[in-house]
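*Asks:* Please construct the entire structure, taking both the sequences and the accompanying hints into account.
2 protein chains.
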Amino acid sequence: MRIGLIVILSLFIMSCGENTTDISTGTSTDKKAASAGSDTQQTFKWKLVTTWPKNYPGLGTAPENFAKKVDAMSGGRLKIKVYGAGQLVPAFEVFDAVSQGTAQVGHGASYYWTGKSKATGFFTSVPFGLNAQEMNGWLHYGGGLELWRELYEPFNLVPFAGGSTGVQMAGWFNREINSMEDIKGLKMRIPGMGGDVFTRAGGIAVTIPGGELYTSMQTGVIDATEWVGPYNDLAFGFHQVAKYYYYPGWHEPGSILELIVNKDAYASLPADLQAIVEGAARAVNQDMLDEYTARNNTALVELVETHGVDVRKLPDEVLSELRKISGEVLEELATDSEIANRIAVSVKAFQEQATAYHAISEEAYYDARKQ
Amino acid sequence: MRIGLIVILSLFIMSCGENTTDISTGTSTDKKAASAGSDTQQTFKWKLVTTWPKNYPGLGTAPENFAKKVDAMSGGRLKIKVYGAGQLVPAFEVFDAVSQGTAQVGHGASYYWTGKSKATGFFTSVPFGLNAQEMNGWLHYGGGLELWRELYEPFNLVPFAGGSTGVQMAGWFNREINSMEDIKGLKMRIPGMGGDVFTRAGGIAVTIPGGELYTSMQTGVIDATEWVGPYNDLAFGFHQVAKYYYYPGWHEPGSILELIVNKDAYASLPADLQAIVEGAARAVNQDMLDEYTARNNTALVELVETHGVDVRKLPDEVLSELRKISGEVLEELATDSEIANRIAVSVKAFQEQATAYHAISEEAYYDARKQ
Numbered sequence: 001m002r003i004g005l006i007v008i009l010s011l012f013i014m015s016c017g018e019n020t021t022d023i024s025t026g027t028s029t030d031k032k033a034a035s036a037g038s039d040t041q042q043t044f045k046w047k048l049v050t051t052w053p054k055n056y057p058g059l060g061t062a063p064e065n066f067a068k069k070v071d072a073m074s075g076g077r078l079k080i081k082v083y084g085a086g087q088l089v090p091a092f093e094v095f096d097a098v099s100q101g102t103a104q105v106g107h108g109a110s111y112y113w114t115g116k117s118k119a120t121g122f123f124t125s126v127p128f129g130l131n132a133q134e135m136n137g138w139l140h141y142g143g144g145l146e147l148w149r150e151l152y153e154p155f156n157l158v159p160f161a162g163g164s165t166g167v168q169m170a171g172w173f174n175r176e177i178n179s180m181e182d183i184k185g186l187k188m189r190i191p192g193m194g195g196d197v198f199t200r201a202g203g204i205a206v207t208i209p210g211g212e213l214y215t216s217m218q219t220g221v222i223d224a225t226e227w228v229g230p231y232n233d234l235a236f237g238f239h240q241v242a243k244y245y246y247y248p249g250w251h252e253p254g255s256i257l258e259l260i261v262n263k264d265a266y267a268s269l270p271a272d273l274q275a276i277v278e279g280a281a282r283a284v285n286q287d288m289l290d291e292y293t294a295r296n297n298t299a300l301v302e303l304v305e306t307h308g309v310d311v312r313k314l315p316d317e318v319l320s321e322l323r324k325i326s327g328e329v330l331e332e333l334a335t336d337s338e339i340a341n342r343i344a345v346s347v348k349a350f351q352e353q354a355t356a357y358h359a360i361s362e363e364a365y366y367d368a369r370k371q
Numbered sequence: 372m373r374i375g376l377i378v379i380l381s382l383f384i385m386s387c388g389e390n391t392t393d394i395s396t397g398t399s400t401d402k403k404a405a406s407a408g409s410d411t412q413q414t415f416k417w418k419l420v421t422t423w424p425k426n427y428p429g430l431g432t433a434p435e436n437f438a439k440k441v442d443a444m445s446g447g448r449l450k451i452k453v454y455g456a457g458q459l460v461p462a463f464e465v466f467d468a469v470s471q472g473t474a475q476v477g478h479g480a481s482y483y484w485t486g487k488s489k490a491t492g493f494f495t496s497v498p499f500g501l502n503a504q505e506m507n508g509w510l511h512y513g514g515g516l517e518l519w520r521e522l523y524e525p526f527n528l529v530p531f532a533g534g535s536t537g538v539q540m541a542g543w544f545n546r547e548i549n550s551m552e553d554i555k556g557l558k559m560r561i562p563g564m565g566g567d568v569f570t571r572a573g574g575i576a577v578t579i580p581g582g583e584l585y586t587s588m589q590t591g592v593i594d595a596t597e598w599v600g601p602y603n604d605l606a607f608g609f610h611q612v613a614k615y616y617y618y619p620g621w622h623e624p625g626s627i628l629e630l631i632v633n634k635d636a637y638a639s640l641p642a643d644l645q646a647i648v649e650g651a652a653r654a655v656n657q658d659m660l661d662e663y664t665a666r667n668n669t670a671l672v673e674l675v676e677t678h679g680v681d682v683r684k685l686p687d688e689v690l691s692e693l694r695k696i697s698g699e700v701l702e703e704l705a706t707d708s709e710i711a712n713r714i715a716v717s718v719k720a721f722q723e724q725a726t727a728y729h730a731i732s733e734e735a736y737y738d739a740r741k742q
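These protein sequences, in sequence, are chains A and B.
Be aware that the first sequence starts at 1, since it is given in the working numbering, and climbs by one per residue.
Be aware that the second sequence starts at 372, since it is given in the working numbering, and climbs by one per residue.
No wet-lab data here; the hints were simulated from the structure.
One thing to keep in mind: the hints can contain errors.
[Stated by the list, open to error] Per the computed footprint, the stretches of chain A lying under chain B, defined by three or more beta-carbons under 8 Å from a beta-carbon of chain B, are:
1) 130-139
2) 158-169
3) 298-305
4) 334-345
[Stated by the list, open to error] Residues on chain B that point at chain A, a partial pick, calculated with CB under 10 Å:
5) Ala443
6) Asn507
7) Gly537
8) Tyr585
9) Val612
10) Tyr615
11) Ala654
12) Leu660
13) Asp661
14) Arg666
15) Phe721
16) Ala725
17) Glu733
Cβ atoms here follow ideal geometry from the backbone N, Cα and C, with glycine treated the same way.
*Replies:* Right, here's the structure in full:
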């Protein structure tokens, strides 16, 4: 995308539809009269703050789905009220708000918190890194989640994978990209690690709130912008202000969102509600990818067939150079701290094996299926 | 794979470690003394029968994980006892046993039940069809699950997606495959729809229990066999009796396993336990793919580096011809019944769009990542 912009966007677009005067009074607990004394009847009221506008398609509906699932599975014993960015706390304060217990849960993306630790970037997506299926394999069967928990432990947070967008698009461009020369001086909205790589490649990476992107492209303030993929991009109408839609999204190949839970609040739950929180997170984690997989398909058809979008692939030479620079950026990141190094070693080893296996399975199958 | 063989295998290999005399007495329900009268304290004891040997890696551990998750999330209110194939009912009687209520839940694969309705085959995997990510998109956001529920409704069953192996391998061969000529007369263990296609291509498709495959390859009873992928194949030791390991698994590109629940038993649950069953199924559905994604990687390394396995790609000409024949087989399947036709139309439309989108996202990314 980059998801990052939605954060800022959410500070500007308040699509809330919900009144913050409706806020409940924190981690209140009470006993149902019918079964006083039974731990299993204690009820909890939690707040979930997000880095997205309330109900933003895909990204913002996932925390709503999480709250609904927890409510249903707990028979109403754990009620979670979802706040869009800015409703209870600003988007960029989600991490601190959950860390300090102002809210019990947060939904966002780990790479927003590189100011806390640069290593957080590994748990969303890195340029030329793992795709969604591989990220989930690494997190849940490759030691990734344990490292993520260790990284967040000093912040009093328990992280869970909370959804994925799949591979994103390279973005919308008003200049043809035929070689690295065309990157030189190109003003593109591309934040985060992707932006670092883009800058080293000679481009000018800028950060602009999502809500301003359409106008920025229209008026020529920027020459290009990335966002997410067809489903979200169509909704923003970028096809009306850009000439070319480039793929693939080298900068975010398998973005994983995060659900973070305040450690004390989590510990205060009985074991069954802890299991429900974990189970609902896992279910939502897959559900979001399912949604993007289905809806990106239909949105792409609309972009191409209804709006005549010119879809183009970045030249191999450009991808190759960006990949080389990405390797340098990641190597530097690994030297940031002892844990950053351990995470880098873990994910690199996983990627080497996953790349080899997927070359003869998923990748080879896409090739075999072609008409 | 084909998963199918594990079913039969499970009739032969009883790796059970659990005594069937330990069977509980059905859908017994009782009230906890501490909270008599409260619906939420009613407890249920269910039986889960599977088409796999008890605790078979990946496929058999998924139903165990499902039972554990349900137990934890329900605080012990829904206890599910898992039986390997043959412990309570034979593998191929799982569908009937759950339909009739002998057991409340079953775990297997829908394409075992083509004798009930040929359309069941669509919900596991079809040759040159959807991969795992796409199957999940189609099922949960493309109308697939609704069609599956409609198909199983007359059998008193509620199906859920219950795991995936990802793309499988084409299999182990003792004859080089350089053209369609080499398929002619080749005796290969490849059941199901893949076997139908293989037979039309001039091969001799046979069905042999998994437990006999090693010996059958060793003694030359068969020239080739498919199974699952590196993780499961390594465990069976096929590298000791076969010369070549071919990819990709055109016949099962994204096998989805199923959790089937007896409709009356499901309806008898309070709403929170129903939500827990659904949530746990969804969590396990992703968990299995995560496990295969991680463990296939390491198993492939062992096969190649430790055992020197000769990994080869099926020639494009062969894949192209198999793809053509697969199209014919699927077209015939669509004429089997009114619902088979509707399912075929739905999945075909989804695949057309998914193929187009993944060509510029997941597939293009695999390509961009290459060294």
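*Asks:* Checked against the structure, which of the hints given earlier come out wrong?
*Replies:* When the structure is compared with the hints, numbers 4, 8, 9, 10 turn out to be violated.
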